[in-house]
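In order, the protein sequence lines correspond to chains A and B.
Numbers given in the numbering used here equal positions in the first sequence, counted from 1, plus 56.
Numbers given in the numbering used here equal positions in the second sequence, counted from 1, plus 1.
A portion of the hints provided could be inaccurate.
Claimed, not checked - Here are the simulated DSS-like pairs of lysine-lysine, each with C-alpha atoms no more than 30 angstroms apart in a straight line:
1. A/Lys127 with B/Lys42
2. A/Lys162 with B/Lys42
3. B/Lys15 with B/Lys65
4. B/Lys67 with A/Lys162
5. A/Lys162 with A/Lys98
6. B/Lys42 with A/Lys78
7. B/Lys42 with A/Lys98
8. A/Lys162 with A/Lys113
9. A/Lys113 with A/Lys124
Unchecked claim - Now the stretches of chain B that chain A is said to cover, found in silico as 3 or more residues with beta-carbon under 8 angstroms:
10. 43-56
11. 109-117
What the hints assert, rightly or not - Derived, one-sided and incomplete: chain A residues facing chain B with beta-carbon distance under 10 angstroms:
12. Gln62
13. Pro64
14. Lys98
15. Gly99
16. Leu102
17. Gly111
18. Thr136
19. Pro138
20. Phe145
21. Arg149
22. Leu158
23. Gly161
24. Lys162
Don't read these hints as lab results, they were simulated from the structure.
Don't be surprised by glycine CBs; every beta carbon is placed ideally from N, CA and C.
Residues per chain are reported as follows:
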Amino acid sequence: GENVEQHPSTLSVQEGDSAVIKCTYSDSASNYFPWYKQELGKGPQLIIDIRSNVGEKKDQRIAVTLNKTAKHFSLHITETQPEDSAVYFCAARESGGGADGLTFGKGTHLIIQP
Amino acid sequence: GAVVSQHPSWVICKSGTSVKIECRSLDFQATTMFWYRQFPKQSLMLMATSNEGSKATYEQGVEKDKFLINHASLTLSTLTVTSAHPEDSSFYICSARGSSLNSPLHFGNGTRLTVT
Chain A
57 GENVEQHPST
67 LSVQEGDSAV
77 IKCTYSDSAS
87 NYFPWYKQEL
97 GKGPQLIIDI
107 RSNVGEKKDQ
117 RIAVTLNKTA
127 KHFSLHITET
137 QPEDSAVYFC
147 AARESGGGAD
157 GLTFGKGTHL
167 IIQP
Chain B
2 GAVVSQHPSW
12 VICKSGTSVK
22 IECRSLDFQA
32 TTMFWYRQFP
42 KQSLMLMATS
52 NEGSKATYEQ
62 GVEKDKFLIN
72 HASLTLSTLT
82 VTSAHPEDSS
92 FYICSARGSS
102 LNSPLHFGNG
112 TRLTVT
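Make a model of the complete structure from these sequences and hints.
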């Protein structure tokens, strides 16, 4: 099955700086890669996703890049703000592989220092 | 956007009792729903996949007789923790996806279960 590795486990950046979180996956058949933001006591919220037919996707301050050859994808947050502080999870899913759910990374606790 | 409602948000029960958690998709039909368990500061662990009108598929190591899943309609799935014990205390989260395998997955806000 799929295995997703996520780094770093904790990331502290100064407000206004950029933050980058990286994930690798093992199953070359995976072709859908979402990123979720989870605030304390809440469920994960989808913030951006990318499919394997594109290499980059951007939504305001958030961008995701995908390298299919190397099987890794990254989340980039620019101009970080205090409200960006949360736990971020990457995930991978093999499309067409039945009704399987996502395989998640272990999460990155992002701390924005004021 | 798509909304998944999960209820209750928290529940405290006594050991040996059963607890039911509901997961509803509010503005789309969810042919597939998923139930996850999350321990503090850890990732989400998939427990089971719930398909409307059929039996749920459980992940290895998850007791199907203990975690009963019912997906009776395209907008509602329930998870019942039977004969709960303190080790069942956890954060349970449901998610739902539309009819297409390429549909994004949306999560409920989770249920904090505490068994005393």
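Hint check results:
Restraint check for A/Lys127 and B/Lys42: the C-alpha separation of about 26 angstroms stays at or below 30 angstroms, so the hint holds. Of the pairs offered as hints, the one joining A/Lys162 and B/Lys42 holds, with about 9 angstroms between alpha carbons and a cut-off of 30 angstroms not exceeded. Between B/Lys15 and B/Lys65 the CA atoms are separated by roughly 21 angstroms; this keeps the pair inside 30 angstroms, and the hint holds. For the given pair, B/Lys67 sits about 26 angstroms from A/Lys162 by alpha-carbon distance, which is consistent with the 30 angstroms threshold.
As the CA atoms of A/Lys162 and A/Lys98 are separated by approximately 17 angstroms, the hinted pair is consistent with the 30 angstroms bound. Between the alpha carbons of B/Lys42 and A/Lys78 the distance comes to roughly 18 angstroms, so the proposed pair stays at or under 30 angstroms and holds. Note on B/Lys42 and A/Lys98: the hinted pairing holds, with a Cα-Cα distance of about 13 angstroms set against a maximum of 30 angstroms. Taking the CA atoms of A/Lys162 and A/Lys113, the gap is near 23 angstroms; set against the 30 angstroms cutoff, the hint holds.
This hinted pair checks out: A/Lys113 and A/Lys124 have alpha carbons roughly 14 angstroms apart, not beyond 30 angstroms. Against chain A, the segment 43-56 of chain B contributes 6 residues with a C-beta closer than 8 angstroms to a partner C-beta. That satisfies the three-residue criterion, and the hint holds. Counting residues of the segment 109-117 of chain B whose beta carbon lies closer than 8 angstroms to any beta carbon of chain A gives 4, which meets the minimum of three for the stated coverage. With a cut of 10 angstroms, the hint placing A/Gln62 at the interface with chain B holds, because the nearest CB-to-CB distance is about 8 angstroms.
Proximity of A/Pro64 to chain B is violated relative to the hint, the smallest CB-CB distance being about 14 angstroms (cut-off 10 angstroms). Interface restraint check: A/Lys98 against chain B, minimum CB-CB distance 5 angstroms, threshold 10 angstroms, status holds. At its closest, the beta carbon of A/Gly99 sits 4 angstroms from a beta carbon of chain B; the interface hint therefore holds under the 10 angstroms criterion. Evaluation of the A/Leu102 hint against chain B yields a held restraint, the C-beta minimum of about 6 angstroms falling below 10 angstroms.
Given the 10 angstroms rule on beta carbons, the hint for A/Gly111 is violated: about 18 angstroms separates it from the nearest Cβ of chain B. Hint status for A/Thr136: violated, given a least beta-carbon distance of 21 angstroms to chain B, over 10 angstroms. Interface hint at A/Pro138: violated, since its Cβ lies 21 angstroms from the closest Cβ of chain B, which is beyond the 10 angstroms cut-off. Evaluation of the A/Phe145 hint against chain B yields a held restraint, the C-beta minimum of about 6 angstroms falling below 10 angstroms.
For A/Arg149, the shortest C-beta to C-beta distance to chain B is roughly 8 angstroms, which falls under 10 angstroms, so the interface hint holds. Checking A/Leu158 against chain B by beta carbon gives a least distance of about 6 angstroms; that is within 10 angstroms, so the hint holds. Annotation: interface hint on A/Gly161 holds; nearest CB of chain B at approximately 7 angstroms, less than 10 angstroms. A cut of 10 angstroms between beta carbons decides the hint on A/Lys162: the least distance to chain B is about 5 angstroms, and the hint holds.
Checked against the numbered hints listed earlier, the structure breaks hints 13, 17, 18, 19; every other hint is satisfied.
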